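Okay, here's what each chain looks like letter by letter:
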Amino acid sequence: MRMAIVGAGWAGLAAAVRATEAGHDVTVFEAAGMPGGRARSDDASDGATDNGQHILLGGYTCTLGLMRSVGVDVERALLRVPLRVTYADGAGFALAPTGPRLLAAARALLGARGFGLVDKLSAIAMARDWRRRGFRCPPSMTVADLLHRAPTELVRRRLVEPLCVAALNTPMAEASAGVFLAVMRDSLFGARDASDLLLPQRPLNPTKVDQYIADHPGWSKILDAAGFFDVFAAPWFAATYLLLFISLIGCVVPRLKAHGTAMLSAPPAVPRRLERLPSADSFSAGGTPEQVAAGSVRRLRGWKTVTRVEDGGVVTVAAEKGYLRETGNLVFHAALVVLLVGVALGKLWGYQGTVLLTEGQPGICNAVPLYDSFRPGKLVDGSGLAPFCIDSLDKFSVDYDPDGTPAQFRADITYSLGENGAARKDVLEVNHPLRVEGVRVYLVGHGFAPRFTVTKPDGTGVKNLSAPFLPQDPRTLLSEGTVKLLDTVKPQLALYGTFAPFAALGPDGKLTSLSPQPGNPGVAIQIYRGDLGVDDGAPQSVYTIDQRQVAIGALKQVATAQLIPGKAVTLDDGTKITFDGYSQWATIQVNHDPGQTLVLWAAGAVVLGLLLSLAVRRRRLFLRITPAPTPNSETVDNSAPVDDGARPDRDARSVVAVGGLARTDAGSFGTEFARVVEQLRDPSPVRKD
Amino acid sequence: MPVNAGLATLSDHMFTWSIILYSLALVAYCGEYAFGRRGKVASTSPEQVLVAAGAAPGPGAPAVKSVSAPPKRPRVRTPQAERFGRVAVAATVLGLAVQLTSLTLRGIATHRVPWGNMYEFASVVGAAAVIAYLVVLIRLPQVRYLGMFLLFPIVVLLFLAGTVLYAPAAPLVPALRSYWIAIHVTTISIGTGIFLVSFVATVLYLVRRRWEISVEAGRTPTRFPVTLGSRLPVTDVLDRMAYRTVAFGFPVYTFGIIAGAIWAEAAWGRYWGWDPKETWAFITWVVYAAYLHARATAGWRGTAAARVNIVAFATMIFNFFIINMVVSGLHSYAGLT
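Which chain is which? The protein sequence lines are A and B, in order. Going by the numbering used here, the first sequence opens with residue 6, and the numbers climb by one from there. Going by the numbering used here, the second sequence opens with residue 135, and the numbers climb by one from there.
Simulated from the structure, these hints should not be mistaken for lab results. This one's a predicted model, so the numbers in the text were calculated from it and none came from an experiment. Hints should not be assumed to be uniformly reliable.
[Claimed, not checked] From the derived model, a few chain A residues whose C-beta atoms are all more than 12 Å from chain B:
1) 22
2) 31
3) 116
4) 287
5) 312
6) 367
7) 371
8) 410
9) 425
10) 437
11) 462
12) 540
13) 556
14) 594
15) 614
[Unchecked claim] Between beta-carbon pairs, the in silico distance windows are:
16) A:680 - B:235: 50 to 60 Å
17) A:255 - B:357: 21 to 31 Å
18) B:290 - A:84: 39 to 49 Å
19) A:387 - B:150: 57 to 67 Å
20) B:150 - A:309: 52 to 62 Å
21) A:406 - B:235: 21 to 31 Å
[As the list claims (entries may be wrong)] Chain B stretches covered by chain A per the calculated footprint, using a threshold of three residues with CB under 8 Å from any CB of chain A:
22) 280-292
23) 341-350
The beta carbon of each residue, even a glycine, is placed where N, CA and C say it ideally should be.
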């Protein structure tokens, strides 16, 4: 085709290059004396004044790609320097070109000169706002509109405006906010998730791991060999917690013995000088030392007491309380070991199976080959799984709040237990799994599966041809997928494209979705005909077509169409493809963890043991009761037997020295000590109950 | 049910007012600090500092010498200090009442418990810390002016919550609509608030300790953070405050993690999946357990244990801010993404 392009600026030249590559005959018309448009060198001079790119950021991958495609050696033609915005008065900031981008951006902002704390905070809030929107905005928004909310005047004038004018060569009031945000995203904030600081983990996100290895080829090999991309499976991690638990057991067992001995043995002997203890008091009581001791022992209910007699008629009482503390401590630590055992049980004999079920289509039984993905424990070989089938997904529905956010997801399923169990119905919701036969069934995802009817020119055809489409945008559920008509007689058909629950046309003419509520479903499909390549035994994704078949010409795109329910497209050979509507699909997950209940009980014991070990205090109380000399008595008859029931001898008096200490956390023992002393002082007889 | 916009706006206004009241309380605490303790107070004179404590029970001598603190100590309080102190406590209590009202209104406006995103969670943590402080105040009235040191990070936290972390009142995503949110998130936020109080007590402990070491060596400290030590309570009181709050908060936090695991089993299919937030909550738990162990170990009592407490709190802050905002995982209910 012969093509004329008006204007030799970046846009015109880029179009010219691409058109020439596509094989067209291109002529470019330019009014100025040299190419370049707004980025050209000065007309009048000898080209020494270059009005070219104010900044060329590393994120301009298309620009750099274009330069490379016309033979420019970008690495040698351009000098790579940190992005620097500086003013004559010394204010400004510099952004390092390499390294984790979020960290570099944060460092640049914190080190920026000439900006106050409020400015920096407002810049952070603005950046956070952009990230929250996914660096997207309505197409007609300008950069000035974008800034109406957040930043201070200084940030607007000295940070955003220079970047906008430099990158887009357009004033803020006219520059496209969408383009500006794209530049910010690619250049300053890295890819969608700028967490180069933390190492991605294979079990969570294998794609990110591969990306990280590609980005940091040098030391990634060492990290990978040392198991840093799957830390929880690494031997050194296992060694850490195994050694910790061995040392834990090694500590608990001797202490258990020591505690047992302590519980069985008597409190220690009473010290000579009780006034040296942290809490000490003394008072005089009526009665002989034995009577006073007996009375005190009765009042010290709950304490373990032992009464000893010393020379000179002195009676001592040693009391101890708070053994529950150590008991709780041992229960806590032992429960941790039991908890680990429960976790191990689950990891060895548990499994997790995930399957995608579409409304109205047959379900699965609990068998390994029927799941879409199955993660078994180490000792699970697939036999002996609980006999249980999900017969079908009857209906999937979403309740929406008035403002359009989902309130609850609901999947109505029919299931049966055992070999020939009766069909039962249940509703799966988020937070309400089905618990049956030792397995738990969860609803974990949902989406749409568009339905088509294909009618061949000879009248035969297939009704209700559908396939699940995977959501690409979690908020609007715009989904992508392929419906394949796998005739054994070629040519086969594949319908590859996007489905929108609430269809609208985007500014680029492409199908987009405004809402996840399927109020206006629509599809945009490319229809391929030929050999899908499913017969050679190699696996291929059900969601896409095999591009190699397209590359070798065995599969050709024959039409494209944008359809709403009821509309059809007719191919050149008379085949009619009608878009009937959609079904919904739900991803169901079946989990089995035999150690779970044990872990729960162990966790309960952990909390209980912890409470006891921190709340109960071990304390000791000592009484040293010496006979006080009374005016009337010459000697005290110590050989008289102790008689509890006897009325205290009015004439005999004793001096009671009390001392106490708390073995841990002495703080509030003082009040308890005072209270106990008050109790001991109390002359009224103790009621026997 | 739609969000009640009027109540939501009122809630936001009351939140702002609570920050203002806490800031006023902060200023009043500074006044009490500045005007109090003129002249020598018995327990802070250098001679007293050198007296070895006889009050250390249990086996093994304590590693640090510190002045024993009898429960009732004579303090020199000037009338201005007393007035400032009373105003400060009144402002704190009033600020707490306003903040709790703000949370309640938010809950009524959204027809759910008011801790469903980072902003609300930070508000609850701040309120829990203030309540913990007031409880400590009832038992140890002489530490009233320490409210200055505690309210400062709380005001910063609430300010960040209202600006950087703010999310408008909205209903919860389906995964959060469960009664477990009242159990798990509540206990975690209360535990965090209590640990915040412990952190402040630990920092003050370290400052006071540095001051006592200088005084023992005969030097008068002149550099700023250390000079604060002259008006702080003795290390024993601060250490005990730090320990007691952790001893109270640790079981609460443990229970919170376990409640989270039980909820995860109902919502996500497994009770523990090493999701980043789960992992870092576990790390925080382990470091606080290390603090409790350190405090009971002969060579680690005192400054070393205090440092462990600081590390534990740092992991908690990391868990709260970085994990919510930077790393993606199942726990991304911050309201920011």
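Next item on the list: Find the hints from earlier in the document that the structure breaks and name them by number, from lowest to highest.
Entry: 8, 10, 14, 15, 16, 17, 22 and 23
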